[in-house]
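J.: Quick note, the sequences are listed as chains A and B, same order.
Taken in order, the first sequence gives residues 1 to 432; the numbers are from the working numbering.
Taken in order, the second sequence gives residues 1001 to 1431; the numbers are from the working numbering.
Among these hints, one or two may not hold up.
If we take Cβ atoms under 7 Å as the criterion, some of the chain B residues that face chain A in the derived model are [unchecked claim]:
{"no.": "1", "residue": "Gly1044"}
{"no.": "2", "residue": "Pro1162"}
{"no.": "3", "residue": "Asn1163"}
{"no.": "4", "residue": "Asn1179"}
{"no.": "5", "residue": "Leu1223"}
{"no.": "6", "residue": "His1227"}
In case anyone wonders, no lab produced these hints; they're calculated from the structure.
Every value quoted in this text rests on a predicted model; they were computed, and no experiment measured them.
Backbone N, C-alpha and C fix where the C-beta goes; we use that ideal spot for every residue, glycine too.
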Amino acid sequence: MPVRRRVAITGLGLVTPLGNSTATTWHALLAGRSGIAPIGAFDAGGYPVRIAAEVKDFAAPVHDRHRKLLKFATRHALFALAAAQEAIQDAGVGPQPQTAQRWGCVAGSGMMGVAYEELAQFQRRFAPGGELASRLLFAPSAPTPDPIAYARNQANAGLALLVQRFGIRGYAGSVHTACASGGQAIGLAMRLIRRASVDFVLTGGFDSMINPVGLAAFSLLGALSTDNERPTRASRPFDRTRNGFVLGEGAGFMVLEEWQAARRRGARIYAELAGDGNSLSSYRITDSHPSGDGPIQAMRAALQDAGAQPHEVGYINAHGTSTVMNDRSECAAIKAVFGAHARQVKVSSTKSLMGHLIAGAGAVEAAICALVIHHSTLPISANLDDPDPQCDLNFVREVACRSRVGLAISNSFGFGGSNSCLVLRNPQDVAA
Amino acid sequence: MSAPVAITGIGAICALGSEPAQIYRALRAGRTAFAPLRQWDSAGWPAPLAAGVERIDAGAIFDDRRLLKSVQRLRRTDLLGLYAASRAVTASAMLEYRAALPGAQAVEFNERTAVFTGCGGVAYHYQYDFLNAMAAGGGDLRVFGQKLGESVNPTWLLQALPNNVLCYLGIAYGFKGANSCITNHSVSATMAIIEAMETLRTGDADRAVAVGHDSPIEPEAILNLYHLGLLTADTTRPFDAGRSGCLLGEGAAAMVLETQAAAAERHAPVLGIIIGAGVTTEALGVLGIRADGDGAVRAMEMALEAAGITPRDVAMIAAHGNGTVNSDRSEANAIRRVFGADMPPVTSFKWALGHTMAAAGALEAVLVLECLRNGAAPGIGALRDPDPQCLPLAVSASATALHGDIALVLGRGFGGMNTALLLKAPPDATP
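Isolated chain A (complex conformation) (with noise of 0.2 Å):
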């Protein structure tokens, strides 16, 4: 059997509520400096959270020759544009027409379409009274529909736009699995690489769901944490106190390329992407097993396609949305993976500071496991003062510590059951 390819992480992009690039999301990081406010974007006054870790100053990554593009870009889909043209600028490669064949593009795409703004438009147009009268669209009075929106608001149209801008030719997907959907992406665009489809990846995920109809879903679901009056301790991964997540909003990407070909033109490689596992719960819908089953079997898996054994693992950045369920669940998981380890390898849950990114969640945290094997430094589980007992595991609380990790696993679970873990490896233990 012939040797497998080897995949390098060589360029990373960030636009998250902490920063809209890699270097300020990782100072910020650092810094414990919390992304959470009240927010700003809509009057939430009326909703039992009115929370959340938004994008902060944001503006759209405007070239001239692209300009056009970007109205074709929901609020979440110009994230992901920002940070994959970081991801490919800091990579130091990006897709040439006689490259392009050879790019891939995989992507972890939200669930919402249609912006507010745009379904009030559509109300008081075709449903004055609250329900849809059909009759309506087709009226001699009605407006044509805008080509533009109708394209904008299509699932795969983050991915399209994406593969339009840097003009990537080879495999495209787009990926739903909720919270799990930007680790999941990122593990696919490895193996399109390890299968040869394509030798460049533009790969991670994206997200908002601060806005009216998307915190309504998750408000409805009593979900979110109401602290509203604390925005900054709100999001208190395995904390006795934790009572529900708080939203996020952003987008991670990162270019991922065939290792002796990034070793080959001196990329700078910030970590060997190494494993991927993925499972099912098969358990409830929104609820993970207590024993930690599901997530088990991802870690599990990841490990072993990395070929490592637990006791390697330097970091783990956890799922940790600080709802006593998941964080429960995931430490049962961490114990029964990592056994007399789980005591020794450090923890944080980065939700604690930037919230939950959904789909861009698991893509953006992944990311931050490469910054960790760069910099050698571990960020914090912040607003950690009081751990649940049942959460017993070694979190770095309150300062960032310096350490060399040898290697990081980034963990994500998403409502319907799909978990998944990706493993990365410091490149100085890659032999050749």
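With chain A's structure known, arrange chain B on it following the hints.
T.: Coordinates of chain B only, in the frame set by chain A:
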């Protein structure tokens, strides 16, 4: 050349029927399934036809009553997907095999069974659940926020999840392996099949259920597609000189895939094998399409290379053939470029069962297996006068006998997406 993967169970549902063989027979009989829109008041609509599924036999999905009850609250697309998947799982007899395994092996069986779905994502009409609260708010978001609880189901988000079929297949059958849900317009289903196949090839699973499902017949989709010139007010006639667009259909299809070793181990009858695939994009935006069919050409070439075969080995092509002016022409260009003088019969199924969008690739793959089994490809019944700009293209209004055991399924979707999938009849089949 990569290892072929065995197909050991299939299921399908669309307006033409609720079993693959039944749908195939309807196609051969030249039946179409279009009917006036009944789901909403469409008086005065210029494009009043669609191929909706008359009835989904929910009782045939799962026998667990509690599960069935919660499944019945799901969106139509998910019910269709679960129906097709449950039929494929039942047909494969994989559960009977698992039942006979000792405990630890049954656990391993579940952990090494993957599930891949392809679907359309969140439809416009899901958000209509919020219109009442919006009307009550009259533009005041505070009132909207306060009124939500009165008119929106608290589990709205869970009912809207694109990955529900994945979730419920896991819960119903206990499958716990690798998984994904692909939302990539009309190539979603084919990509689900391709990723399931690749997961088996890399040894990350022994078996996989691959499902494509969609229910795109909704007011705003029809409104927009009509104004874009993609939907016909007439009937849909792929590759015909007089074609004027597609008509929407809904449905789902599923396959149980196994490594050849896993299929052999349990002596599973093999219905066909997947021998190669290709995926490309054209990078022209959501609505762009290259006239020369470049993306489709490259997808076909990749699939042929992966399978280690030449165009001459292909016995039929199930084209995407959606009946829109530009897509059909560019697809014909692509097929001509790859196949030239070696072109086998080309057909499309959408003239009869409509464009089922994200489900299309799975339905077409399942129907192609029926074609191979029967040794004949149904014609494009609505074809009157092939478009000279698409010619030479081996299309016909009547059925064609197949000479060979390999079929190509072409898929295309918004965003310039292209897929090619090569299926082969089982070794012992005698067409």
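J.: For every hint, state whether the structure bears it out.
T.: Checked hints:
1. Look at Gly1044(B): its Cβ gets to within about 6 Å of chain A, closer than 7 Å, so that hint holds up.
2. Taking 7 Å as the C-beta cut-off, the interface hint given for Pro1162(B) holds, the closest approach to chain A being about 5 Å.
3. For the restraint placing Asn1163(B) at the interface with chain A, the shortest Cβ-Cβ distance is roughly 4 Å, inside the 7 Å limit, so the hint holds.
4. With 7 Å as the threshold, the beta carbon of Asn1179(B) comes within range of chain A, its nearest partner Cβ sitting at about 5 Å, so the hint holds.
5. Because the beta carbon of Leu1223(B) sits about 5 Å from the nearest beta carbon in chain A, less than 7 Å, this interface hint is met.
6. Of the supplied interface hints, the one on His1227(B) holds, with its beta-carbon coming within about 5 Å of a beta-carbon of chain A, less than 7 Å.
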